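*Asks:* The listed protein sequences correspond, in order, to chains A and B. At position 19 of the first sequence (counting the first as 1) the number is 481 in our numbering, and the numbers step up by one without a gap. At position 27 of the second sequence (counting the first as 1) the number is 1046 in our numbering, and the numbers step up by one without a gap.
Heads up, none of these hints are tricks.
Each pair of labels, with its calculated beta carbon distance range:
(1) A/E669 with B/Q1058: 41 to 47 angstroms
(2) B/R1082 with A/F465: 38 to 44 angstroms
(3) B/K1037 with A/V505: 47 to 53 angstroms
(4) A/G666 with B/T1024: 55 to 61 angstroms
Straight-line C-alpha distance at most 20 angstroms; calculated SDA-like pairs for lysine to any residue:
(5) B/K1073 with A/G539
(6) A/K555 with B/S1047
(7) A/K555 with B/I1040
(8) A/K655 with A/M717
(9) B/K1081 with A/G582
(10) A/K555 with A/C576
(11) B/K1081 with A/P676
(12) A/K494 with A/P484
(13) A/K559 with B/D1050
These are computed hints drawn from the structure, not numbers from a lab. Computed from a predicted structure; not experimentally measured. From the three backbone atoms N, C-alpha and C, an ideal C-beta is built for every residue, glycine too.
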Amino acid sequence: MIFVTKLLVIGVDGATWKVIKPNLDSLPVFKKLCGEGKSGTIVLPEGEAVISPAIWTTMFSGVPGSKHGHEKYVKDGKLQSRDDIPVEFCWDKIPDKIVALQVPFVIPPFNWNCDYMPPGFGASKDEAELRQDVEGITAKAKEILASSPECAIVCYNHLDRVQHFHWGEDEYVLEWYKLVDSAIGEFVDKAEKVIVISDHGFCGVGEARDKTLPDVAADGQRLKGDHHEEAIIITKGLDCEIKQPGDVYRAIMEMFG
Amino acid sequence: MARHTTVSIPVELGEKIKKRIEGTGFRSVSDYTTYVLRQIVSSAEMREKSKGFKKEDHDEIKRRLKALDYI
Ligand SMILES: [Zn+2]
Chain A
463 MIFVTKLLVI
473 GVDGATWKVI
483 KPNLDSLPVF
493 KKLCGEGKSG
503 TIVLPEGEAV
513 ISPAIWTTMF
523 SGVPGSKHGH
533 EKYVKDGKLQ
543 SRDDIPVEFC
553 WDKIPDKIVA
563 LQVPFVIPPF
573 NWNCDYMPPG
583 FGASKDEAEL
593 RQDVEGITAK
603 AKEILASSPE
613 CAIVCYNHLD
623 RVQHFHWGED
633 EYVLEWYKLV
643 DSAIGEFVDK
653 AEKVIVISDH
663 GFCGVGEARD
673 KTLPDVAADG
683 QRLKGDHHEE
693 AIIITKGLDC
703 EIKQPGDVYR
713 AIMEMFG
Chain B
1020 MARHTTVSIP
1030 VELGEKIKKR
1040 IEGTGFRSVS
1050 DYTTYVLRQI
1060 VSSAEMREKS
1070 KGFKKEDHDE
1080 IKRRLKALDY
1090 I
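Kindly generate the complete structure, drawing on both the sequences and the hints.
*Replies:* Quick look at the structure:
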């Protein structure tokens, strides 16, 4: 089979082996990818903030968090936008070759060469909205891949939301992994090389190297999960190894730059 | 393969660009000109887009982010 899309990067915010590995039989797409490709753990470097805006920025710019300094979706009361982040992303360097959907380094998540507005602006913890968003992103991803971009980037941030409030409720959390697993399965075979990566893993509050969140959310709901410094990586057909988030940027530039 | 159209620029400017791109990754005056124009157009588009984003939207997003405690 000849693929027009050479590389598909699937970002799954907050995905952790702690849930995937023991449940591979319920997650057929992850299971197949792990079998066909190489899987591993990314241990985020000490001193770098284990938070989504920072890591997604690093992943697609190659610039470490200590240099780009982008750590929060809202800074000094101002909602941050792409222009507030002093980096050149891979799509700035090779604008025609990349389509990127919902990269969550800003809220609403960032799109390149495509349009999509998530329900609740991508800042929802409402279950119905989150489900609707998984469906919306998946439909859009299929549309994008049908247009045959050389490089496609598709991100899901739902597991992060769910795990913050439901970590430890194993069955409930697994249902969301199943949802993402089957969503990915709808388009993962449309590219020659595949990277599946999370920005960080998850764990109970108090178990992370760096505590990133308070115990109770602003609206009084108790937070049960926190970001863990171990993220997942699966690659299929890739020549280089992804050891850190910034290696994704380097892999893209090596292939298309 | 992207389709192309022809744009005229003054010869003098063309010569200056030719000199400027010597030893860089740009293969031609067209390549360089496309690069520069694209930067200008995309940042203008970005500005227009963020203008289309209403103040109420910003407030709503901030309210939602606060509920998620990502602030
Ligand atoms: Zn995250």
